[in-house]
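Chains as they are written, first to last, in UniProt numbering: chain A, 1 to 194; chain B, 1 to 90.
Treat the hints as calculated values from the structure; they're not laboratory data.
The beta carbon of each residue, even a glycine, is placed where N, CA and C say it ideally should be.
There may be inaccurate statements among the hints.
[What the hints assert, rightly or not] Per the computed footprint, the stretches of chain B lying under chain A, defined by three or more beta-carbons under 8 angstroms from a beta-carbon of chain A, are:
1. 19–26
2. 29–36
3. 67–76
Listed below are the residues making up each chain.
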Amino acid sequence: MFSFYNRGSTLLNFLCTVLPVLLALLACTSPFLLNQADPKVKINVRNVHMKRYSSSSTPSNKKESTMMKLYRYHYPYRYPPKGDIALIDFDINADLTSVFNWNVKELFVYLVYEFETPKQKFNQVVVWDDIITSKQDAHIKGKNVESEYLVTALDNKLRGISGNLTLYWDIIPNTGLLFQKSKGSITVPLQKEQ
Amino acid sequence: MALIKDDIDFEGQKLTEKLMQIILIVFGIISFTVGFCLKSVSISCKIMAVGIIVTALVILPPWPFYCKNPIKFLPVEKKEENEEKEKKSN
C-alpha cells in the first residue's frame, strides 16, 4: 500500500470480491421474487385450419396460401408439403407485469402445442412467440392472432389428434439462473377437414 | 512514479486498507438495499460506481493525513564520517 500503483492494485483486488458478492445476492433474490409473482393468462382458440397436402395440391383460399408460404419458409428441404399441416388462430390475454422484478432483463413468451401421436409419445411445437423487454409491454393482448409457425408431426399425420396449448415464458435474468414457467393450458382438438 | 512523491508511512498504509474495505462494503450494502427497494439494478450499479470513485479518491492520492507518522531513522554515527573525510583527503 506504499505507492500509488500498489494502492490501485489492492482496490481492484478487493472490488473482485465485493462485486461478485453483490451479483450473487442479486441472483439469490430472483427465485423468491418470482414465487410472489401472480401472472394471469387466458388463451382462447378461435379456429384451427388443417389441410392434407399431396405434391399436386394447390392452395384454394388465402389461409391455405399463407400456410404454404409458412411451410416453404420454415421447411424448405421438405417443400412441397406432403401430409397434414395445421394453423391455429387464437385470442390471448396474458398479464405478465407481475413477473417483472429487478432481476429480469427480458421475457421470451411462446405458445406451445403439445400432442401425442401413435409413433411419437411427446411432441412440442412452438406456434407463436414474442419477446418482452419492458414492464410496460408485459400485458399481452391479442384478438384473432394468426400463429407464426405451423403445427406438423414427424410422420405428417395429424388427423384426430388432440393436444394442449400452453403459454410458456423464459425469464432471462440480469444475473443468475434462467427460469421457465408456464400457465394457461387448454385442450385443442385438431378437427378433420372435409 | 518517481516524479511525484506518492509513498505513505506504515500507519497510513494500515489506515488506507481499513478505509477502503469500510467504504466499499458500506456502498455495496447501500446499493443493494436501494436497488431492491426501487426495483432497479441500474440504480444500484450507479451507486456502486460512485462508491468505487469515492474509494479511489480517498485511498489513491498520498493525502497528508497518511504521512503523520514518518519513520525516525537513527542518527548517522560520526566516526564513519570522520573516516570518510580522511579517505577523501588522502
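A quick look at each hint next to the structure:
1. 19–26: Since three or more residues must qualify, the claim that chain A covers the region 19–26 of chain B holds, with 4 doing so at under 8 angstroms.
2. 29–36: holds (count 4)
3. 67–76: Check failed, 0 qualifying residues.
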